[in-house]
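Participant: Take a look at the letters that make up each chain.
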Amino acid sequence: MAGGLIDDRVLLERIRGGDASGAEELFERYAPALLRFASRMLSDRETAEEVTQEVFVKVISRAHQYDGRAAVSSWLFAIAANACRDRRRRDHRASVVPLEAVAELPARGEGVEARLDGRQRRDAVRRALQGLSEEQREALVLARYHELPYSEIAGILGISVGAVKTRIFRAVETLKARFSEGETRWNVVN
Amino acid sequence: MECRELTNRAIDRLVGEATAAEREDFDRHVADCPGCAAALSGIEETWAALGSDPDAVVTPEFRSRTIALLSDEVDRRRIREFRPRSRALQYLSRAAALLVAAAAGFAVARGGLRPARPGAATSAIAGGAAARTAPDLAENPRLSNVAYRTDPDGRVGIEFDSTTRHSVVGRPDDPEVSTLLAYLLSRNSETAGEKSRAIELVSGRYGAGAGAASPEIVRALAATLKHDRNPGVRKKAAEALASFRSTPEIRTALLEALANDPNPGVRLVAVEALAASAREAPDAKTIQSLREKAVDPSENGFVRARAASALKAIDL
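First to last, the protein sequences are chains B and Y.
When we follow the numbering used here, the leftmost residue of the first sequence carries the number 1, and every step to the right adds one.
When we follow the numbering used here, the leftmost residue of the second sequence carries the number 191, and every step to the right adds one.
Some hints here could point you the wrong way.
With a straight-line Cα cutoff of 30 Å, these simulated DSSO-like cross-link-like pairs (lysine-lysine) come out [what the hints assert, rightly or not]:
{"id": "1", "chain 1": "Y", "residue 1": "Lys-475", "chain 2": "Y", "residue 2": "Lys-502"}
{"id": "2", "chain 1": "B", "residue 1": "Lys-58", "chain 2": "Y", "residue 2": "Lys-416"}
{"id": "3", "chain 1": "Y", "residue 1": "Lys-416", "chain 2": "Y", "residue 2": "Lys-502"}
{"id": "4", "chain 1": "Y", "residue 1": "Lys-416", "chain 2": "Y", "residue 2": "Lys-475"}
{"id": "5", "chain 1": "B", "residue 1": "Lys-176", "chain 2": "B", "residue 2": "Lys-165"}
{"id": "6", "chain 1": "Y", "residue 1": "Lys-502", "chain 2": "B", "residue 2": "Lys-58"}
Covered stretches of chain Y, going by a simulated chain B footprint (3 or more residues, C-beta under 8 Å) [stated by the list, open to error]:
{"id": "7", "stretch": "191-201"}
{"id": "8", "stretch": "229-236"}
{"id": "9", "stretch": "240-252"}
Just so you know, the hints here were simulated from the structure itself, not pulled from any lab data.
The C-beta atom is built at its ideal place from N, Cα and C for all residues, glycine as well.
Excised from the complex, chain B in its bound form (with noise of 0.2 Å):
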């Protein structure tokens, strides 16, 4: 996620100044990213908004703590992961993301069975994803959806670069698991 025509730690030196425009800009950057990080972290839509907007409170706040070893965008990870678990701690609600929740762009031409047939497919994605604990969760969405590298989620979840990389694998072997168990009950029921 480059910055961009203004370096990010420009915007977070505006910030510190008290200049509103720095956090905005910072919004405009990195919000879809952080927000589709949240999504996929918390329990609904609603929770990921309010996580996200907590994200960028924080970086008002913290603007002076950021000490500049890692880039701008691992430390917003970083705040973001936090929030999430944070959240989650704090709201024991159901873990399952309603999708209708989920803003999706139309599925222009496809028949209702295929639309149907779509959402389900998504729906046991999302449940899916849900299901994984959150430590193997947060590393697996960091590299398939945001396409971080090792090194890179590693500093965002302050862990090595090994206990990533384990993450990761328990992650997949548990979602090839539950996927080939879904697509036996799928031709059964079909």
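Fit chain Y to the supplied structure of chain B, relying on the hints for placement.
Facilitator: Then chain Y, alone, in the frame of chain B:
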């Protein structure tokens, strides 16, 4: 490569972490091993299936709501910088003033300095040729060019023009000073800047338990919080009230702001102030309002979250 390494190696390849040599080694092994080829197909299908989970997108409503919140938060942090000095600093500055006075007294006693002429002790804060009393505020005079000064002893100097230049100096709890401040807050401030400066002074002088604000200042701030059109000014008024020792009048003003203020930043200040007040002395109405906010689906997410976490911190 060995068969037991398949999943790890396959993931390395899928996430782009495998080197060219590792990819070659992997492909060679899979080509010769039907078991690993079947397992790889399962891993690749799993990886591809994850792609069917739709991405959440930032809606225009979420964007505008959050940007407003961030702007408020940046403003709020700027306002915090005007908060009164800590108790320790106040004591230190008083001690420093005493030391300076003692040293000056010693110097005078030794004849090193001539004593100042009577009345000049206030000249550092009071204007030289200015009238020393306020005009009759019942006539609703327009006070312009208002300037505020403070000294380490906690006195306040207010200078302004009405028919002539006035300079009123005294402690914040002097009736003349507090009446004048309330007047400046409630009736005289035509611009947001004027009003903000008056609020900052009031907050700095009476806030953080420095002293009890007079009822007329509380009334003026409550009226500002309720009626001012500028959300930044309303928020400053809420911050000032929040910094005072809690009273039923202050709680009522903050409860009303929490229920009715259209700006989430103002409501956030109200939530925090009410929560702090309820932690010290739980009040049924305050707790009920926080509960309602914590579950109100139409409330701003951040305000709601703060209300919920505030309730958890209150010993019910």
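Participant: Evaluate each hint against the coordinates.
Facilitator: So, going through the hints one by one against the coordinates:
For the hint pairing Lys-475 (chain Y) with Lys-502 (chain Y), the CA-to-CA distance comes to about 16 Å; that is within 30 Å, so the pair holds. The straight-line distance between the Cα atoms of Lys-58 (chain B) and Lys-416 (chain Y) is roughly 29 Å, inside the 30 Å bound, and the hint therefore holds. In summary, the hint linking Lys-416 (chain Y) to Lys-502 (chain Y) is supported, as the alpha carbons are separated by about 28 Å, within the 30 Å threshold. For a cut-off of 30 Å, the pair hint linking Lys-416 (chain Y) to Lys-475 (chain Y) stands: about 19 Å separates their Cα positions.
Under the criterion of a C-alpha separation no larger than 30 Å, the hint pairing Lys-176 (chain B) with Lys-165 (chain B) is consistent with the structure, at around 16 Å. A C-alpha spacing of about 20 Å is found between Lys-502 (chain Y) and Lys-58 (chain B), which places the hinted pair at or below 30 Å, so the restraint holds. Counting residues of the stretch 191-201 of chain Y whose CB lies closer than 8 Å to any CB of chain B gives 3, which reaches the minimum of 3, so the coverage claim holds. Against chain B, the stretch 229-236 of chain Y contributes 4 residues with a C-beta closer than 8 Å to a partner C-beta. That satisfies the three-residue criterion, and the hint holds.
Using a Cβ-Cβ cut-off of 8 Å, 10 residues of the stretch 240-252 of chain Y lie near chain B, which meets the minimum of three, so the contact claim holds.
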